[in-house]
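Number of protein chains: 2
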Amino acid sequence: TRETTYNFNAGPSALPTVVLERAQAQLLDFEGNGMSIMEMSHRGKVYEAVHNAAIERMRKLYNIPEDYEVIFMQGGASLQFSMIPMNFLSEGETAGYVMSGSWSQKALKEAKMQGVAYEVASSKDNQFKNIPMDWNVQDNTRYIHMTSNNTIYGTQFKDIPEVNVPLIADMSSDIMSKPVDVSKFAMIYAGAQKNLGPSGVTVVIVKKDFLETAKEENPTVLQYKTHADSNSLYHTPPTFGIYMLGEVLKWIEEQGGLEAVDRQNEMKAGLIYDVIDASEGFYYGHADKDSRSLMNITFRVADEALEKQFLAEAAEAGFVGLNGHRSVGGCRASAYNAVPVAACEALATFMKEFQAKHA
Amino acid sequence: TRETTYNFNAGPSALPTVVLERAQAQLLDFEGNGMSIMEMSHRGKVYEAVHNAAIERMRKLYNIPEDYEVIFMQGGASLQFSMIPMNFLSEGETAGYVMSGSWSQKALKEAKMQGVAYEVASSKDNQFKNIPMDWNVQDNTRYIHMTSNNTIYGTQFKDIPEVNVPLIADMSSDIMSKPVDVSKFAMIYAGAQKNLGPSGVTVVIVKKDFLETAKEENPTVLQYKTHADSNSLYHTPPTFGIYMLGEVLKWIEEQGGLEAVDRQNEMKAGLIYDVIDASEGFYYGHADKDSRSLMNITFRVADEALEKQFLAEAAEAGFVGLNGHRSVGGCRASAYNAVPVAACEALATFMKEFQAKHA
Ligand SMILES: Cc1ncc(COP(=O)(O)O)c(C=O)c1O
Ligand SMILES: Cc1ncc(COP(=O)(O)O)c(C=O)c1O
Ligand SMILES: [Mg+2]
Ligand SMILES: [Mg+2]
Ligand SMILES: [Mg+2]
Ligand SMILES: [Mg+2]
Chain A
3 TRETTYNFNA GPSALPTVVL ERAQAQLLDF EGNGMSIMEM SHRGKVYEAV
53 HNAAIERMRK LYNIPEDYEV IFMQGGASLQ FSMIPMNFLS EGETAGYVMS
103 GSWSQKALKE AKMQGVAYEV ASSKDNQFKN IPMDWNVQDN TRYIHMTSNN
153 TIYGTQFKDI PEVNVPLIAD MSSDIMSKPV DVSKFAMIYA GAQKNLGPSG
203 VTVVIVKKDF LETAKEENPT VLQYKTHADS NSLYHTPPTF GIYMLGEVLK
253 WIEEQGGLEA VDRQNEMKAG LIYDVIDASE GFYYGHADKD SRSLMNITFR
303 VADEALEKQF LAEAAEAGFV GLNGHRSVGG CRASAYNAVP VAACEALATF
353 MKEFQAKHA
Chain B
3 TRETTYNFNA GPSALPTVVL ERAQAQLLDF EGNGMSIMEM SHRGKVYEAV
53 HNAAIERMRK LYNIPEDYEV IFMQGGASLQ FSMIPMNFLS EGETAGYVMS
103 GSWSQKALKE AKMQGVAYEV ASSKDNQFKN IPMDWNVQDN TRYIHMTSNN
153 TIYGTQFKDI PEVNVPLIAD MSSDIMSKPV DVSKFAMIYA GAQKNLGPSG
203 VTVVIVKKDF LETAKEENPT VLQYKTHADS NSLYHTPPTF GIYMLGEVLK
253 WIEEQGGLEA VDRQNEMKAG LIYDVIDASE GFYYGHADKD SRSLMNITFR
303 VADEALEKQF LAEAAEAGFV GLNGHRSVGG CRASAYNAVP VAACEALATF
353 MKEFQAKHA
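Residue numbers (the numbering used here), protein chains in the order written: chain A, 3 to 361; chain B, 3 to 361.
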């Protein structure tokens, strides 16, 4: 049952129970219209209201300035890795990438397939344990790309360096987990499947004057302008996903907004980091302390054989998704917005008891 | 309520009630796993089984030969319009497009943005009332693109001309509505939101030896090969949409498979075409009789003022989605697989009664 299952999946991941309950109640008949929201035309009044309300909630919660567009797309963050250089990188220009892990590496690889790009900074030599804050920006840099939270290594930006070129952030794994000064960014993007809803929706927040500098010879649906100019209705959007995203945003409002959610996230991650730090080396964290993510808590059990047992016993006890990413191993607890405090308390307790038994 | 609502939406459109009921029952706890299918990792065993079962069902229902790949993607049919020439059209080659309406026009436009393309045939001069069967294939044609069912004008291919170049079909609005000889096509694609599930999933069925001729310099997620080589799990797929698609395929099996669904579709469309044909000109169909679609029944009320009243009274009576596409006006009843016989009977009766009152 949901009560005995603690969902720490890295993405797709936990959704608020009340959001699922509301979706369930309306699944066959949305607001008395005799149809599911999934069965409605994206050009009809009912869906359009849902669509526009989701955009408005996002604007309000993130305090998005008027001169930014909010766009819903398909294709995940991975398509953004390609669309960004397609739209913004021309001959004679270069793009700077801040390397904080595998997602930045993938983003850089796609940029290099299409033009010239370089590393502004990297923590690779430190096994991506820290967020690289010392940036080397070259002349003629069209934009700088950063990953605000590294889902795999469990690191997260605390502050954003001041730069005077357009800054683009992949916020896939910490979007809407805390207040952000959107005006610092030319563009923010994220797959919805961690903090915002089911997979299949990508959110793009982009400054209008930056958008206007995009190239216009790209395929129609691969131009941001196409989606911005049509209120994300150029073609059929992923309507159910956008509906769910709107419901998740409503839930964030009900929690008291992003300040409240942020406090809650600090508390939740703190519960687990505290166990790690008090374990006298039985557990150790992967990330350097000043780069620790509140979203993805990556750690190891020092004794490798015990680590296997830890993961096996945790799975038995109802903890889901605690295996580290297949590329790095170890353990990872993803404590996104919708993961309840009680789940983090349960994990902290389980970790302490496991240590007591085996230390 | 669902009982008093007749959903004739063109897409997104009606889903089988039993599919929605099953999804509803499991929405918070999928098969006893304590989580929604939406909250599960796409790398986990539970989701992978759902994913693979959907592919298997598609293979079985469509009798897809071993040497074809079945791929799930994002981006709708519109992204396919661009990906096809990106992947398959090189310098020195040309691509032929069969023009049966606005969707073919959009597909051709994207091809021309990227290379050389021409019209193999067109019914434009006949207001797209018929399916053009007389094809003029030029030398050096890389592929021919056709739209198997025109959603807007309500026309549908009955037979496929024999050609000796790779044939690609946009089947967005008639996929899985009847048996198809897949081996006649190099590639078939469709957005899911008409016959297969919610919007946000694109199905691509592609012959392996054709796939191998694709260019390899495209952005990673814009190469078919990327998705084929990773069983559509290169990055996060739209998991809930694929789950729903699998449930719709299961429902098709329960109906007796594609032959049975085809018979049902003929019967359903026949109910409405019969009223049109017996109306002595009160109603008239848009499509030529031999090109009529079983999926989208396009018609007019001869008297324009009465047509407005017809649409208004129909809406009052619980009929949804009967307005023609905003680009052409008139009336359109989309009777996809999941639209029940009872809905078509109700519409036929309503049309007869409306005529009796106003003729
Ligand atoms: C930071 C980050 N960027 C990009 C991605 C890729 O997103 P998608 O699978 O939606 O393409 C992920 C997925 O986990 C991620 O965590
Ligand atoms: C035949 C056909 N092709 C393509 C499309 C566009 O599909 P999408 O909106 O998923 O991009 C449609 C949508 O109605 C269609 O009917
Ligand atoms: Mg992932
Ligand atoms: Mg990274
Ligand atoms: Mg449409
Ligand atoms: Mg067409």
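These are calculated hints, taken from the structure and not from any lab test.
A couple of the hints might just be wrong.
Which copy is meant is left open, because identical chains are indistinguishable; a pair holds if it fits in one copy or across any two.
List of simulated lysine-lysine pairs, DSS-like, C-alpha gap at most 30 Å [said to hold, decoys possible]:
#: 1; residue 1: Lys160; residue 2: Lys47
#: 2; residue 1: Lys354; residue 2: Lys291
#: 3; residue 1: Lys47; residue 2: Lys354
#: 4; residue 1: Lys209; residue 2: Lys180
#: 5; residue 1: Lys47; residue 2: Lys310
#: 6; residue 1: Lys111; residue 2: Lys210
#: 7; residue 1: Lys108; residue 2: Lys47
#: 8; residue 1: Lys114; residue 2: Lys47
#: 9; residue 1: Lys62; residue 2: Lys114
#: 10; residue 1: Lys180; residue 2: Lys217
#: 11; residue 1: Lys180; residue 2: Lys62
#: 12; residue 1: Lys108; residue 2: Lys210
#: 13; residue 1: Lys131; residue 2: Lys217
#: 14; residue 1: Lys359; residue 2: Lys108
#: 15; residue 1: Lys291; residue 2: Lys359
#: 16; residue 1: Lys47; residue 2: Lys186
#: 17; residue 1: Lys160; residue 2: Lys291
#: 18; residue 1: Lys354; residue 2: Lys131
#: 19; residue 1: Lys62; residue 2: Lys131
#: 20; residue 1: Lys108; residue 2: Lys227
#: 21; residue 1: Lys62; residue 2: Lys209
#: 22; residue 1: Lys186; residue 2: Lys217
As the structure is a prediction and not an experimental result, all values here were calculated from the model.
My question is about Lys111 and Lys210: at a cut-off of 30 Å on alpha-carbon distance, are they close within one copy, between copies, both, or neither?
Both, since 26 Å and 27 Å are each at most 30 Å.
If the cut is 30 Å between Cα atoms, do Lys354 and Lys131 qualify within a copy, between copies, both or neither?
within (24 Å within a copy, 73 Å between copies)
Treating 30 Å as the Cα threshold, decide for Lys47 and Lys310: within, between, both or neither.
between (53 Å within a copy, 19 Å between copies)
Is the C-alpha distance from Lys108 to Lys210 at most 30 Å within one copy, between copies, in both cases, or in neither?
both (26 Å within a copy, 27 Å between copies)
Given identical chains, is Lys180 near Lys62, meaning Cα to Cα at most 30 Å, within a copy, between copies, both, or neither?
Classified as within; 13 Å inside a copy, 47 Å across copies.
One pair to classify: Lys354 and Lys291, alpha carbons no more than 30 Å apart. Within, between, both, or neither?
Classified as within; 20 Å inside a copy, 75 Å across copies.
At 30 Å max between alpha carbons, let me know whether Lys209 reaches Lys180 within a copy, between copies, both or neither.
Answer is within; shortest intra-copy Cα gap is 20 Å, inter-copy 47 Å.
At most 30 Å between CA atoms: does that hold for Lys291 and Lys359 within a copy, between copies, both, or neither?
within (27 Å within a copy, 78 Å between copies)
Which holds for Lys114 with Lys47 at a C-alpha limit of 30 Å: within a copy, between copies, both or neither?
This pair counts as neither: shortest intra-copy Cα distance 43 Å, inter-copy 35 Å.
How would you label the pair Lys62, Lys209 (within, between, both, or neither) given a Cα cut-off of 30 Å?
Classified as within; 16 Å inside a copy, 48 Å across copies.
30 Å Cα cut-off: does Lys62 pair with Lys131 within a copy, between copies, both or neither?
neither (34 Å within a copy, 48 Å between copies)
Homo-oligomer pair classification [Lys108, Lys359; C-alpha up to 30 Å]:
neither (41 Å within a copy, 66 Å between copies)
In terms of the numbered hints stated before, the structure departs from hints 1, 8, 9, 10, 13, 14, 16 and 19, listed from lowest to highest.
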